[in-house]
Each structure stands twice: as structure tokens, then as C-alpha cells.
Amino acid sequence: MLHNKRLILAHFWLAFGGFGVALLLGEWQMYIRSPLHAWLGNPELYYRSVTAHGTTMAYVLPTLVAMGFGYAITEAALKRPMIGARWAWAGFGLVLLGTITAVIPVSMGLASVLYTFYPPLVGSPFYYIGVVEIVVGSWIWVALMSINLHAWKRDNPGAPVPLAMFANVAGSYLWGWTAVGAAIELLFQIIPAALGLTTTIDAGLARVFFSWTLHAIVYFWLMPAYIAYYTIVPRAIGGRLFSDPMARISFALFLVVAMPVGVHHLFADPQVGAGFKFMHSVFTALVSLPTLLTVFTISASVEIAARLRGGKGALGWLKVLPWGNPMMLALAFSFVMLGFGGAGGLINMSYQLNASIHNTQWVTGHFHLIFGGAIVIMYFAIAYDLWPHLTGRALTSFRLMRVQLWTWFVGMIVLTFPWHYVGILGMPRRMAFYDYTDPAMAGEGASVMMSVLGGAILVVSGILFLTVLVRGHRAPKVDPGEYRFSVAVHQPATMPVALNGFGLWLSLMLGLTVINYGFPIAHLLALPDTAVPVVRVGGAK
Amino acid sequence: MSEDKLFSLRNRWFTVTVGLTVVIALVAALFGFIVLPSLQTTATFADAWDKICSAAGLVRPSTLASPVVKPDFQTSEVIVTPQMMGPVDTVSIGRGATLALRCTMCHGARGLSEADSPNLAGQYGIAVYKQLQDFKTGARTSAVMSPRVTDLSDQDMRDLAAYFAYLPRLPGYHPTGDVPPPRIVTGGAPLRNIPPCASCHGTIEYKTGSAWLEGESPVYLKAQLEAFANGTRRNDISEQMRNIARNMTKEEIDSAAEYFSRQPPADGSAAGLQ
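Residue numbers (this note's numbering), protein chains in the order written: chain A, 837 to 1377; chain B, 112 to 385.
Bound-form chain A, shown alone:
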């Protein structure tokens, strides 16, 4: 039973509304730098759009989905009203305020610095203050998740924490800690410069702080998708979760190894030593562990569902799966995209292979495939699954949902595969203009046009998604019953203390952060003459 339906709906609608606008911007960007459109003339317009697209898609959308879904899980899994609903509204208000604060200077062209900030480039202080407000709003959510978990544990001593809540709190802790890096960068380096209090900035140190956030944020984006894999999919397709402790180990491992890996974004940066780059590379490789565990556990859970439906044979069971069920479809598409995206990710994290694709369109293709594809398609599935419980009305347009998921999958593949390809050919990223008339680049034009087509398919899919949700508000009223999560084959009656809380995993996370980031940060702080003059958007005459 969900008590704070309006709260959760507010989060989802702000998230998906922003998503709709940012999706159009993304396709526009793809179009105007393709051979289909003449040179835009003013690159600032392009970077303005990229900043708005990135800020919305990377900060606003996933944060709000994680928050809204987190509140839903808290009430549905713990089976009681959430503590601190007013604080949750305050958190939502801060995210909304932050979004507006950031969007205004961005749309005026005063903060075209891209969502990764790129100091020494500095834009309007309101942009950064808006981002900080979004982060602080989400920290309220982190605190509420922790408070609700502890209150429940106090009232249910010794009982295993429901898996969905365990995973949800793991995601919130991961975000709470990983956001600290960018927060330090913003509060101590960029915002003072943007306000004119300082005229120089240590860009290398700023990049190290941002890398602290930049990689684990991806796993924060991923958490709702993984929670859906484990706690929604098996129930939705009529199966059982293969192993509850295995799921907990995966989430705990994400906490430990997702965090100290960000320097693999800085392989080409001179300010970090090669030894630390190697260590971050090793821990990045370890992140594949919880993902592989998940793929195994979920595949096994799906097979259980198939066997229960009478599936036979080594692979024959695949045929009897409920392919018409949007959740089944979303899972399959998500796994395919996760597979390709993960394989590409292994190239990115390898110190040597990275050199061949660093700062090329390959990287942009990679994170669109993983985040926009594997993760966002599960956000759709989560919304479809939760909507009847939030609106009290049935979602009846199953055909539309299937078309939406299919178009998102096909669109994402058509968008990102050529995108990877032109990256291998050496096409750089973060450029507003490509001269396709030059023989050296002419061959890449066709691939870019394919990506434009993929983006157009995604726009159609995005419109279908919003249509399904809007229709859901107008459908006939139904009683959706209690919101349930999947049940494990062996539903645990007791749980080792390590898997029923986060003390051990948080200690390891903090310890590894100190080991992998402590020296590089301390060293850069102590190094003299590392600051460079701030470059303001628009210049200073």
C-alpha cells in the first residue's frame, strides 16, 4: 500500500517531463552536427543545448527516478507509511528549485560549460548553485532512506531487511558518498570562481574530484534498474528470484567497488600517477563482478519462470517466456544493451585500449547505450509497473507499451552502434561542427546520419512513453491491490548481520576511497603553481 502517492508521482512527472524536453534537444544536437544540416554558425548554441541535455538527463532524471522509486519501495517493502514525508517534499522542492535555477542561465547561454563543468571554463554561478540544490535535495532522500531503514530494524529486531529496501538504501548510500566529490569541486573551487571571489582554479584537482563522482554516479543511475531486475521482474513474469543473498552481495559489492574507480576517466590526464591509474583500472574491472552475478541470478530467475510455465529443454524454455509482457521485453532489451555496453566498457577501462578511443565519439556512444539504453528502458518498465498503484487506474495499452519498448531498443541500437563506429574511426567528441566535405571525414557522414535516424526513433518512443503515462491518468479506476516484490526460491528467515546492514560495506567503501583517492588528492593540494586563470563563458575584455 502506497501512502504518499502524490509525492512519488511528482518525482516521476518532473523526471519524465524533463526527459521529454532533453530528448528533443539530444536529437537536435545529433541532427545539426550531421551532414544533413549546414554548419550551425554559432557553436555556443550547440554547447548550450548539450549542457541542458546533459544536466537534465544525468542529474535531474535519474536522481528523481531514484528518489521517487525509493519512496515507493520504502512504503511497499516495509509495509508502513514513510517517516519524514514532509522532508521528502522539501527535498523534492529543492530539486525542483535547483532545476529551475540551473536551467535559466543555461538557456540564456550564460553557462554553456556542459554538465561535467570543465573548469577552468566557468559560467554563471546560478548554474552551479542549481546543481548543488539538486544534490542537497537528493541528500535529504539519502537521509530519509537511512532513517526509515533504521526505524524498521529497531521495530523488527533480527528480521531480514526486505531485499528491495536493502538495495534501495545501498543505492542511496552510494549516491550520498559519490556526490561528495563533485560537491567539493563545486563548493570550494568552481562556485568561488564563478562568483568572482577567485580568479584562478586548479583544474587538474577539480577533474580528480569530479572523477570521484563521475563513475559511481553511473552505478547510482543503474541502481533502480538493478532493483527492478531483482525485485520486480521475477514477480511480473510469474517466477521466483533465484537467490536473495546473491542479490544482496551484488548490491553490497556495488557499494564497495563502484566508488574508487573514477580515475579511469583521467587516463589521459597528466596530474594523476600511472600507478593510481592502474589501481583504478583494477577496481573498475572488479565492477563487472556484481554485474555478472546479476546477469546469472536474473537469467536463472527467468528460467525458473519459464520452467514453471512448462518450458522444456536446454534452451527451449526461452520460447514459453511471456514475451508479450512489457516487463519481460524490457528486461531482455536491457540485458542485450547491457551486454554490448559492458563489453565496450571493458575497452574504456583498460589503460592501453582506452588510448584508442579516449575523447572520441565512442565514449558518447558507450554511455548512451548503457545509460540511455540498458538503464532508462528499465525506468520505463518501473513506471509502467508502478503507475496503476500511483494513479489507482489500470494501464491497459499493452500494445502501445510493447511498441514503445521495441522502438526504444531499436532506436538506441541504431543510434549508438554507428556512434561507436565513428569513434573508432577517430571522430572526436564535444565538437559542434564536423567538416564532412573533407575527404578524411567524408566517410563518417553516413554513420552519423544513421545515428540521426536512431535518435528520431527514440523521439517517437519517448512520445509514446509519455502518452502511455498520460493515458494511465484517464483510464478507468481499478483496485491495484498491494504492491508486491518478487519472492525468492528460498525466502530468507534469517540473514547474516553483514548482509542485513551496511556497516561492513560502507567501511570498505570509505577505506578504498582513502586508498585510491587519498594520495592523489593530497599530492595535488600540496603541489604549488597548479592553478590556472579562470576562463569565463563569454570572455572578459
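Keep in mind that the hints were calculated from the coordinates and are not lab data.
Watch out, some of these pointers could steer you wrong.
Claimed, not checked - Straight-line distance between alpha carbons at most 30 angstroms, and here's what the computed BS3-like set of lysine-lysine pairs gives:
#	chain 1	residue 1	chain 2	residue 2
1	B	Lys333	B	Lys318
2	A	Lys989	B	Lys116
3	A	Lys915	A	Lys989
4	B	Lys318	B	Lys361
5	B	Lys116	A	Lys915
Since the structure of chain A is provided, determine the placement of chain B on it from the hints.
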């Protein structure tokens, strides 16, 4: 089981996970800081500690460093930052106006040249100051300008820069007409490493240190681009303009110079006191 103490050596979850993490971190560190540096063929290390320091990113003099090659000519000594000109006051502008009397012969009574010397009215202070400094140090040479700056102090140059920046921008004496901007101005030539002129010199974007070009004499602009290209002018910081001009075709130089000379002032007001 759930009554177990978490942080206890008797809890195998604690010992195994912490043990594994420590082992992985140590092995990774062993490879990253000792084994892999040892395999490098391009670096020589004094001892194991030297390897570790190198891998940790400590700044050390390189054993392979070749001696720094100094240019055999004077380079610019000006460090350009957005804040370098500091606040400008009316005293400075007034002093500049007096000093500027000696410039009128070529640069015009109000900073607007009737010859092919550059217009200075409304030129950015940083640009004027840097050129004066470079003429004085010999980083830029000119038979006309070099002798005239030898007695200018740093403050004189700042005052002159403030005065010219303060003067209103007026249309140059060059025929204006609506010609579409050439490709080199708006798009550059990315594959020849040429950024669009307009991305630094205004129109699209202004970058600190760039000069304002609209309404300048086409003869002067062309002569400067050719001087950058053939290396007779080399006071540009980090060879920015030399690298660009060298890669430009003759037609591109002509069209860019012609285009900028025909442009009216970017904003009719004085740019100096902003």
C-alpha cells in the same frame, strides 16, 4: 546468526571481505607501482623507491629530459589573464589621451586611421597593452613603432590602452556591404587545425587577449596574417596565430581580411570601461 558482532575477527564475513579487499589492493599496488614501472623501456629508475614515486605521480626531473631549447629570438613576456588590466579610472584615460597625441599621425586623431595602420578606437585594452609591451621588448618589431615605445613606462602603456579602449568604435573608412561571412571566419577548417576566426575575435565568441578586428584595414590584416605565416611576426603566445596562418590558403587570408574590414563596429558604444 544475526546476533553476531559485525566487526569481529570471529565473523567470517568481516575477515574474508576485508582480507580479500586488502589482498586485491596490495596486488594491484604491487603491479601498478613496482612491476609495471620495471617493464617500461623508455624510463630509467634509480631504485624501487624511485619507481614508486614515479608511479604515484610525484613531479621529478626526468632522467630522459633533453635540454630546454630556447628560441633564438625574443618572445612575448606578457602573461595574458582576464584580470591583467585591473580597474581603469578616468585619470588613466586622461593620461592616455595626452600620451596618444604622439600616435595621431598614423592612427588618426580619434584612433581611426585614414591610412592602412590599425584603428585603435574601441580596441580591447589587453590587445593594445600587449602589442606596446611586445614592441618594447622586441618580441614584435616595426621600423615605425619600435623607436616610439622605448621611453614608455608600464603605466604609460596601461594608460594608452585604457584611452583607446575608451574611445567609441566608429565605422572604418572601408567600403561596407552585406557580404556573407566566408567559411574560414565562421567554421574555420577543423581538419587543418584552424578554428573559426569568429570564435576568438568576436562575432561568435570573444576570447581574452584576442584583438577586435571589425573595420580594420584589409591591407593591414592581410599583412599580419602573412607575417604570422612566414614567421616574420612571432609575438603570438604559444604560436596560436602562426599555427593558424601557416595553414591558411591565400584565398582564405584574402577573404578573412576583406570580410573583417567591411564589418561595422560590433557594438557602437565604448568597450573600454566594462
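Tested hints:
Restraint check: the Cα-Cα separation between Lys333 of chain B and Lys318 of chain B comes to about 21 angstroms, which is no more than 30 angstroms; the hinted pair holds. Straight-line distance between C-alpha atoms of Lys989 of chain A and Lys116 of chain B comes to about 16 angstroms, which keeps the hinted pair within the 30 angstroms bound. Proposed proximity of Lys915 of chain A and Lys989 of chain A is supported: the alpha carbons are some 13 angstroms apart, at most 30 angstroms. Proximity of Lys318 of chain B to Lys361 of chain B is assessed by CA-CA distance (about 25 angstroms); at most 30 angstroms being required, the pair is judged to hold.
At roughly 28 angstroms between alpha-carbon atoms, Lys116 of chain B and Lys915 of chain A fall within 30 angstroms of each other, so this suggested pair holds.
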